[in-house]
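Going down the list, the protein sequences come from chains S and L.
Numbered by my numbering, the letters in the first sequence go through residues 1 to 483 in order.
Numbered by my numbering, the letters in the second sequence go through residues 1 to 258 in order.
It is possible that some hints are incorrect.
To be verified - According to the in silico footprint, chain L covers these stretches of chain S (three or more CB under 8 Å from chain L):
| id | region |
| --- | --- |
| 1 | 191 to 201 |
| 2 | 254 to 264 |
| 3 | 332 to 343 |
| 4 | 464 to 474 |
Bear in mind the hints are in silico, worked out from the structure with no lab data behind them.
C-beta: ideal position from N, C-alpha, C; glycine also.
Residues per chain, in single letters:
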Amino acid sequence: MSETTHGSSHHSAHHIDVKEFHPRARAAIHNPQVRQNFRKAMDGLMTKRKSAFEGWDLETLRDLGANIRMRALASLPDLLEQLEQKLTENGITVHWATDGDEACRIVRDICVARDAKTAIKGKSMVSEEMELNHYLEEQGIEALESDLGEYIVQLAEETPSHIIMPAIHKNTGEISQLLHDKTGTDLSNDVEYLTANARLQLREKFRNADVGISGVNFAVAETGTLCLVENEGNGRMTTTVPPCHIAVTGIEKVVPNLEDVTALLALLTRSATGQHITTYFNMISGPRKPNEMDGPEEVHVVLVDNGRSTIYQDDELLDTLRCIRCGACMNHCPVYTRVGGHTYGTTYPGPIGKILMPHMVGLDEGRHLPTASSLCGACGEVCPVKIPIPDLLVRLRQESVDGDKLHPAKVRGHGAKRSSVEAMIWKGWSWMHAKPGLYRLGTSLGARFRKLQPGKIGAWTQYRTAPKLAPKTLHERMKERGQ
Amino acid sequence: MVDPIKVYPAKPSKVYFYGTCLVDMFYPDAGMAGIQLLEREGIQVIYPVDQTCCGQPAYTSGYHDEARAVAHAQLGLFPEDWPIVVPSGSCGGMMRKHYPALFKDTSDEVAAAEIAGRVWELTDFLVNVCHIKLDDLGEPTTVAMHTSCSARREMGVAEVGPKLLGQLKNVNLVEQIRAEECCGFGGTFAVRHPEISGAMVSEKVDTLVDTGAKEFVTTDCGCLMNIAGYAEKNQKPVTGQHILSFLWERTSSGGEQS
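Chain L on its own, in the form it takes in the complex (with noise of 0.2 Å):
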C-alpha cells in the first residue's frame, strides 16, 4: 500500500491547506498550528474557503455516491500545481490513494489522479519537503507518540513523527509497545462494533501509560478522540494532542495563535 518510491517535490513558494472537517470543527488549534508552521518556512499558505470533507466516511461506510458528491466538491479547490497539505494521514490517505478509485469511469477521472499526485501528509512535507529545523523552547518533558495506521500504512510516513520529536532537544520520546497496532477507531467501526473498539483502545491507554508518558501526540484526530476521549472518560494520566499543536507551542515564542 505505501508508495515503493515517494518523488518529493522542491520546496514551493505555496502551498493548499485541506484542514479536514474534524480538524475545522473540534480541533483548529491543530489547522492554526500546521499553517503556522509552513508559513514561518516562508510558505504563503492557501486556504480554499469552500472545503468541507473529503468523503471518507461514506467512503469506507459503503456509500460510495454520496462520497463522490462530496469528494466531487473538493475537486475545484486546487486550480494552481502547487501541493495540497493535509494535517491528517486519514484524509491525506482517502484523497491520495482513494480518489483515483472513486473517480474511476467518471469524467473526474483525470483530475482525480491528478490532485491525488499533489496530496502529502503535513509532517511528511514539513519534514522531506520543508526539511524543517526545529529549536525547542519548551520544559523538558517527556511524551509517546500514537502514528495513526493511515499515517503509517497508506501515507508510508511512520518514520516522520519521530524524527520531528527528535529535534526537540527537551522532548524524550518513549515508545509504547506495540506502537503500530491499531487503537481501534476506524471511524464507523467504533460506533457499529462498539466493545471490539473499546477493547482495542484501552490496551492502546494501557500501554501508552506504561511508557510513564503524561501525554501523547498523534497524526490525527481520529485517533486522538478515541484515545484522549477514552482516557478522560475512564480517568487514565495520559492526555493527548496533535503532533502539530504540541510542535507548535515548544517552537514559537508563546501564544502567537493569530
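Chain S extracted, bound-state conformation (with noise of 0.2 Å):
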C-alpha cells in the first residue's frame, strides 16, 4: 500500500482534463437536454429514498451504517489480513494492487494463464478507476458490459455520469437512437423492447465469455464473503456463468462480520434506487466445489489501494473511505442536478466524487472540484454513513491553497489553487475585520459614500443586481441609541 501514481496511466488518449472543469459546466448549463434528463431523473430517485424510508428510523439507521463503517476502517489493516486469509481457505485466489495500472496487469495475467479472449463485465466503479475495459481491448481481450447502464455508455464510447446509474443522463429517445445505431435495433420508446434486444445481445456473450468480471459492494473478513447488490440478474451470471469469475474492489470495503451488511445493505438500496430490496443479492463464497453443478473454476480478488492507503493515513480524511457508493449525495446535489456528471471529468462525479478524485487525481488536476459546491449540507445529510461532506470539501479548499499554520497542507498536489493575489486580499480582509475600530471606519465610511458604490461586481451582477449597502450601519444606528 503506497501512494498512487494514476498519473502515468496507459490510456492517454481516452484521458479528460479535470481542470477543464469550467467550459464542460457551461456547456451542462446551456444544454436543456441535459438539464431536463437530471433535473427528473434526480427528483425521481430524491421521491424514491424519501418513501423507502418511511417508518424507518433513518437517524439511527444511519447511525448504526456510520458506526459500523467506522469501526471496520478502524481496523482496516487487521481485517484486511483476516479477509485475505478467510478467502484463501475458501479458495479464492487474493491479489493485490498498488495502483489501477497494476490492478490491470493483473487481471491480464490471469486473462493471458487462461488463454482468455472474452470477458463480460458486471458493474464495477473501481474497473472504472482502472480504466480496465480500454485496457484489455488493447491487449487483445474484448471486456462487454452486461449492466443495462453500463452496456448503453460503452455503445456510446462515454463514461458513466452516475456511480449507479451510468446512462442516468440519457432519455429514452436518445437510448433507442444508440442502440438502432450500434446494434440495429428498431428505433422504440418502449423500454422494455429496448431491454429485451439488449437482453437478446448480452445472452450469447454470456454463454461464451471466457472470464466474468464484477465489482464487490461488501467483503466480509470473518468469512471471506463477497456480497455483490445488483438488480439486472447480470451480476449474478457474470460470476457464475463463465468458468473464471475476477472480482476487483476497493481495500476499504471491507466489514468485520456477516451480520454488518444487514444495516448496510437496507442503507444501501433504500439511498441509492429507494428500493426495500434489490432484485439479486449475491454472496460468493468461493469457486465450485467438486460435487456442485454450476459456479466458476477459478475465483480471484483483486484488492486496489489507488490513493486509498494515503486518504487512510489522515484522521479526518479518513472519513471519505466509509462511503458504500450509494450515490444518495449526487441524487441530492443542486450542483450534479445542474451541471451532470461528465462536466466533473472525474470517474465518481458529485459530493463523493468532489471529496475522493482529489486524492485520485492530485488536487492540481482537481483544483476546481472541492469549490464547485454552495456547501448546502445536502450531501451530509443523505448519507447513509454520514461522511462529513461538507467539513471534507472546506479541509480540501484548505489544502489547496496550501493549509495554514497549525495544519500543514498534505494531499498531493496541495497549493495549487493559492494565487498571491487572492491571498493578498484575503489577508487585507482579515487585518481589516481583526481590528474592530478600523471595521467600523471602513463600514460607515462606505454607508456615507454609497452613492460611489459600483453597478457591477464581477460575476455576482452577471445574474443578480448589486446589494445595496444601507445609509447608516447597524453599528451606527446602536450608536445613535446610546449602545
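Combine both chains into one complex, guided by the hints.
Structural data, given as C-alpha cells:
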C-alpha cells in the first residue's frame, strides 16, 4: 500500500482534463436536454428514497451504518489480513494492487494464464477507476459491459455519469437511437422492447465469455464472503456462468462480520434507488466445489489501493473511505443536478467525487472540484454512513490554498489553487475585520459614500443586482440609540 | 449535522446580539427588527460594539489563518454567560458548529467551545426560548419562505420560520416546490462558479414565483441578496425581506424603528 501513481496511465487517448471543469459546466448548464434529463431523474430518485425510508428511524439507522463503517476502518489492516486468510481458505485467490495500472496487469495476467479472449463485466466503479475496459482491449481481450446502463455507456463510447445509474444522462429517445445505430434494433420508446433486445445481445456473450469480471459491495472478513448488490441478474451471471470470476474491489470495502451487512444493505438500496431490497443479492464464497453443478472453476479477488491507504493515514480525510457507493449524495446535490456527471471529468462525480477524486488525480488536476459546492449540506444530510462531506470539502479547499499555520497541507497537489492576489485579498480582509475600530470606520465610510458603490461587481451582477449598502450601518444605528 | 437534542436555556433577562457583517452593512433594518422583537419580549439586548464578522468567508474559502484571526477578535465580546443570538443561520452555524474545529489545539480552544454552546439563531430563540406570541396587525397577504441551508441543516431550525409565520393570522404561507434546495448563494461559490450559481438561483426564483406569492422571507441575508437580486435584475414579480423585518413590521404599531 503506497502512494498512487495513476498519473502515468496507459490510455492517454481517453484522458479527460479534470481542470477544464468550467467550460464543461457552462456547456451542461446551457444544454436543455442535459438539464431536463438530470432534473427529472434526480427528482424521481429523491422521492423514491424518501418513501423507502418512511416508517424507519433513519437517524438511528444512519448512526448504525456510520458506526459499522468507522469500526471497520479503525481496524482496516487487520481486517484485510483476516479477509485474505478467509478468502484463501475458501479457495479464492487474493491479489493486491497498489494502483489502477497494477490492478489492470493482474487481471490481464489471469486472463492470459487461461488463454481468455473475452470477458463479460458486471458493474464495477473500481474497474472504471482502473479504466480496465480500454486496457483489456489494448491487450486483445474483449471486455463487454453487461449492466444495461454500462452497456449503453460502452456502446456510446462514454463514461458513466452516475455511479449507480451510469446512463442517467440519456433519456429513452436517445438510448433508442443509440441502440438502433449500434445494434440495429428498431427505434422505439418501449423500454421493455429495448431491454429485451439488449438482453438478447448479451445472453450469447454470457454463454461464451472466458472470464467474468465484477465489483464487490461488501467483503466480509470473518467469512471470506464477497457480497454483490444488483438488479438485473447480470451480476449473478457474470459471477457464475464463465469458468473464471475476477472480482475487483477497493480495499476499504471490507466489513468485520456478516451481520454488519444487514444494516449497510438496508441503507444502500434505500439510499441509492429507493428500493427496500434489490432484485439480486449475491454472496460469493468460493469457486465451484467438486460435487457442485455450476459456478466458476476459479475465483480471484483484486484488492485495489489506488490512493486509499494515503487517505487512510489522515484522521479527518479517513471518513472519505466510509462510502458505500450509494450515490445519494449526487442525487441530492443541486450542483450535480445542474451540470450532470460528465462535467466533473472524474470517475466518481458529484459530492463523493469532489472529496475522493482529489486524492486520485491530485489537487492540482482537481483544483476546481472542492470549490464547486455551495456547501448546502444536502449530501451530508442524506449520506447513509454520515460522511461529513461539507467539512471535507472545506478541508480540501484549505489544502488547495496550501493549508495554514496549524495544519500544513499534505494532499497531493496541494497549494495549486493558491494565488498571491487572492491570498493578499484575504490577508487584507482579515486585517480589517480583526480591528474593530478600523472595521467601523471602513463600513461607515462605505455607508456615507454608498452612491459611489459600483453597479457591477464581477460575476455576481452577471445574474443579480448588486446588494445595496444601507445609509447607516447597524453599528451607527445602535450608537445613536446610546448603545 | 443537526444537533440530535437541543437543550434550550430558560428565557434570560439579557442576551448578546451578534449582528453579522451583512446585516450591519446591507440590512441593518433586519438587525433593528430582531433587537426590537427581543426587547418586546422583555429581554435586554447587549450589542457588543467591537463585533465585526464571524470569519466565515475566509473559512469556507480555505484561508483558515485569516478566518481564525477574525474569529479570535470576536471571542472576547461575550464575557457574561448570556446567550448569543444571531439573525442568521449561516453565521450562527459558523460560530456554533465550526468555531470549535477552527480553534482546536489553540489557546482559544476552551473559549471557542464555550461560546459555541451559547449561540442561537434568532428565530429559533424567539420560538423555543422566548415562546413568543405574535399579534398580526398587517393587511392580508401571501408569502413564501426560503430557509437557508445553514439554518435548515447546520442549525436545524427549518420548522421555526413557518411556525412564526403561522402565528400571523392575515398571512397566508405558501410553499414552493423543492423548498429544501439551495438557492445557489454559497458565499464565494456564487462568483467562483457563476453559471452554476446562476442556474440554481434562477430555478429558485421560478419556484417562488410559481407559488403566486409576491414576496418571500428568509432567515439569511446571503440568500436574500442572491434571490432578491436575481429577481430584481431579471424583473421577476417577487421581492424579498429578512423574516425579522417582516415579523416586526406586521406586529408593531407602525414605523417605530428607533
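Structure-based check of each hint:
{"no.": "1", "hint": "191 to 201", "in the structure": "violated (count 0)"}
{"no.": "2", "hint": "254 to 264", "in the structure": "violated (count 0)"}
{"no.": "3", "hint": "332 to 343", "in the structure": "holds (count 4)"}
{"no.": "4", "hint": "464 to 474", "in the structure": "holds (count 10)"}
In terms of the numbered hints stated before, the structure departs from hints 1, 2, listed from lowest to highest.
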